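Trainee: Given next are the chains, with one letter for each unit.
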Amino acid sequence: MKSAVVLLPGLNRDRDMIAALTKISGQAPATVWQTDTEIPAVDLIAIPGGFSFGDYLRCGAIAARMPVMRAVAEKAAKGVTVIGVCNGFQILVEAGLLPGALMRNASLKFVCRQVKLEIANANTMFTRRYRPGQIIRSPVAHHDGNYFADAETLARLEGEGQVVFRYAEGTNPNGSINDIAGIVNDKGNVLGLMPHPENLIEAAHGGNDGRALFESALGLAA
Amino acid sequence: MKARITVTLKNGVLDPQGKAIEHALSGLGFDGVGQVRQGKVFDIELTGTDKAKAEADLKAMCDKLLANTVIENYAVEIA
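Going down the list, the protein sequences come from chains E and A. Here our numbering is used: the first residue of the first sequence is 1, the next is one more, and so on. Here our numbering is used: the first residue of the second sequence is 1, the next is one more, and so on.
Each statement offered as a hint is correct.
Pulled a few chain A residues facing chain E out of the computed Cβ check, cut under 7 Å:
1) P16
2) Q17
3) A20
4) N68
5) V70
6) I71
Okay, derived cross-link-like pairs now, BS3-like style, lysine-lysine, Cα gap no bigger than 25 Å in a straight line:
7) A:K64 x A:K40
8) E:K2 x E:K187
9) A:K40 x A:K10
10) E:K2 x E:K23
11) A:K64 x E:K187
12) A:K2 x A:K53
13) A:K64 x E:K78
14) E:K109 x A:K10
15) A:K64 x A:K53
16) A:K40 x A:K51
17) E:K109 x A:K19
18) A:K40 x E:K109
What the hints contain is simulated information worked out from the structure, not anything from laboratory work. Here the structure is a predicted model, which is why all the values come from computation and not from measurement. Virtual Cβ for every residue (Gly too), placed ideally from N, Cα, C.
Work out the full structure, taking the sequences as your base and the hints as a guide.
Mentor: Encoded structure:
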């Protein structure tokens, strides 16, 4: 399965994402730079975490207006699978590919720790290798992960099963509404999440809870 | 032409930074401070002279980049 990783100045989890995709898919992902207007034919596009453009204006705001994001939007509209992690989630929201907004953590503090996630919908292309309601572990590291959406949008997300990951067992690190940690778009092919599943994919990481997300998205057999 | 754009959080959107500033003000002994909401100001110089066009452009700038209209309102003033 072929994948591509979007590179933008200020991202710092790109190597982690490239390593995870290489190990799980068996081949190194292509990389696309912010000014690229075309993305090669791939099955999965990943936008990694970091601090693109120094988080100036709003997290992800500048990155979302770069040429490469128009190419990502075109691919997403054609049904290509897209994953945005952390700053990648913020970029997808700012680009209008996912609804809502990510605001400053309610604690005002940067959080860097491990949380528990509940698989709120196991019937998505990103979670089919998990069990419904399964609790997994995942690292988080962010300052602006407090998900917000207006009441109407929230009702739609909840009603349509677009909330895919929820912070479990009182581990909500940022004040996100309804403990939302990750959502998909209405077509179900674009996922954004604040936690870093790419940092928990093998024994050396202390566990592999995040691996099934990539195996699901890449359509790999168990 | 000079313009000022003010971006504020919509009502009902939680503002943890405003809350922290509110607490800090009362900590400094300023009694009678109610709710504090934090926003942003952009001062923009424009080279054109057509005020109507400037206003339309500034609104488009807000919608496309300067404000996140999911959570923020904006106001445009032209000096």
